[in-house]
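Colleague: Sequence:
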Amino acid sequence: MFTSKKIQTVGTVKEFLNPSTPTSPKKDIVPMLATGSTLPLIFSAMPTFSFAESVTASASVKAEVSQKIITAFQPLTDLVQGISYPITFLVFSAAGIYWLIGNRAKAVEMMQGATIGYILVQLSPLLMRLLVSVTAGF
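8 is the number of the first residue of the sequence shown in our numbering; add one for each residue after it.
Worth flagging that the hints you see were computed from the coordinates, not collected in a lab.
Bear in mind that the values here come from a model prediction, so they are computed numbers and not experimental data.
All the given hints hold, so there is nothing to weed out.
Estimated spans, in silico, between C-beta atoms of each pair:
| no. | residue 1 | residue 2 | range |
| --- | --- | --- | --- |
| 1 | PHE96 | LYS75 | 29 to 37 Å |
| 2 | LEU127 | THR78 | 16 to 24 Å |
| 3 | VAL20 | GLN74 | 56 to 64 Å |
Using N, Cα and C, we set each Cβ at its ideal position, and we do this for glycine too.
Let the sequences and hints guide you as you build the complete structure.
Modeller: Below you can see the structure in the form of structure tokens.
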């Protein structure tokens, strides 16, 4: 009923504003009553299916697996994040020495690389969650 794409005409505006009794032919009510009384028997004999339960179970399994993946890589991301600050400090120090020597192009290149690397390392947990959430849909 709700997925029907057909346009159905139910009457004109004039018929809606001036309702009159329908002039349809009389139908025999007995077959309708007989059919109506057997419908509960027909519906009670039909098997029932429960698809929503399997979908939620599948979704919870995917969420659990993705959480285990994130937890498994957590020590590695903590280690890399902990080492990133000292390494960035060393690269900035070397870039300062190059700046003092006069090789400013090399110094700027080193500072840019160190800055981009530090930001990416600090965002690695976010990137890991994004990667796991993207692959969980497949």
